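J.: Okay, here's what each chain looks like letter by letter:
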Amino acid sequence: MKSIELLGKGEEMHGRAYIKLSADEIEESIKKLKENGFNHFVMLSCVDWLDKGKFELVYHMWNYEEKEHAMLSVDIDRNNDVMKSMSHLFPQIETYEREIHEMYGIKFEGNNRLTPFLLENWPHDPPMRKDFDSKKFVKQMYESIPFIEGDENEGI
Amino acid sequence: MGLHNGDKMMRYEEWSKLARKASKRSLWMVHFCTGCGAIEMPPVMTSRYDMERFGIAPMATPRQADVLLITGYLTVKTLRRVIQVYEQMQSPKYVIAFGSCTINGGMYWDSYNTIKHLEKYIPVDLYIAGCMPRPEGIINAFLELMKLIDEGKARGWERYQKYYDKYKENQRRVFNFEVKEEEKEEKEQKREKNEEH
Ligand code: SF4
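Protein chains in written order, with this note's numbering: chain A, 439 to 594; chain R, 5 to 201.
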C-alpha cells in the first residue's frame, strides 16, 4: 500500500493501512501523506485502553486516487495526556481535538479553542473515559431527584 | 349582578366544560423533535394517517400551541430548551411524551447525559409506550388525550402551577448538579494511585 511504502512501516489490516507511530513522528507523517495524495483528513478518533494505561489517537486519512485508507495511530500516556495539536495541517482537526478534549480530557497543545463543545455546564470527569463510572453517576445525578408528589389527575 | 358565589362557581364549571369540549377538537401541537420519534411524525401528519381529520395541526410557535410533543430521549442540554418552550405555551397546555426513553430512560438508562424520568421536570399528561411508538399509537394517544380533556383529567399544567417550586427545584438540581465532597476525595485517591504506578 502506498502509505506504508511512503512511511516505511505499518501493516495492512482489513484493506486499510495501519501505521503505528510515536508522538514525535506524527506531524511529519501527516505532512508527507498530505503531499502524496492523501488530501482528505477523514477524522481523528480516540480509544481509551484503561488496562494498558494508554490513550490511542488514530488519524484517519484517505487518498482519492489510490482509494486507500491510512490510519496513523499514536499512543499517549494516560497520566500525561498531552498531545501536540495538528490543526495547522488540516483545519478540521481543530474540531476533532475539541471533541476529544471534552470527552477524554486530552489536552492538545497549540489548539486554543478547547472550549465546551457538546456538553453544557460539565464540571465532572470527561464522560468517555473508561474509569468514569456512568452507572454511579446516573444514580447520583438523576435517580436522586424525587418525583413530584400528588395524584396525576389532580388540579389546583 | 346579584349572583351568589355558588352560582358563579357553577357558571364557571359549565363554561369551562363547554370550552373543553370545543378545544379538544382543535389541538394545535408543537413537536419538539428530539430522539428517534421525529421520524414518526411525518406519516402522522400527511395523508397516510392524516391527523387533521381530528382537528390536530402542527403549529410553528409554542405561544399558539396547545400540545407539546416530546418525541424521545432528552439530554440535559435539550431539557433546558424544552422547559423554555413549555413555559412559553399558554394554558391550558398538554404534554405527550413518546417512547420508553421519556418514561424511565429506555435504552439510555445508564447514559451520563440523558434524563431518565421526564415527569420529574415537567408534568406529562400522557405517555406512549414503545420504542418508538408507531403512528397508530400516536393517533391513539391523541384520541385518548381528547377524552381526558373532555373529562377534565388532563391537568398537568395545573400541577405545574401548584407544585411550581418543586418542579423548579428538580430542574435546578439537574442543571447544576455538582460533584459531592466524597466523590472529589475519591478522585484524589485515584490520582495518587495512578502517580504511584
Ligand atoms: S424510546 Fe427508543 S425510539 Fe424512542 S427515543 Fe428512546 S431509543 Fe429512540
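Hints were generated in silico from the structure; no laboratory data involved. Don't take each hint at face value.
As the list claims (entries may be wrong) - With a straight-line Cα cutoff of 25 Å, these simulated PhoX-like cross-link-like pairs (lysine-lysine) come out:
hint	chain 1	residue 1	chain 2	residue 2
1	R	K172	R	K124
2	A	K577	R	K25
3	R	K81	A	K568
What the hints assert, rightly or not - Computed, partial: chain R to chain A, Cβ under 10 Å:
hint	residue
4	P47
5	M49
6	S51
7	Y53
8	R57
Please read these numbers as outputs of a predicted model, since none were measured by experiment. In this text, a Cβ means the ideal position worked out from N, Cα and C, and glycines have one as well.
J.: I'd like to know which numbered hints this structure contradicts. Please list them from smallest to largest.
T.: Of the numbered hints given earlier, those the structure breaks are 2, 4, 5, 6, 7, 8, listed in rising order.
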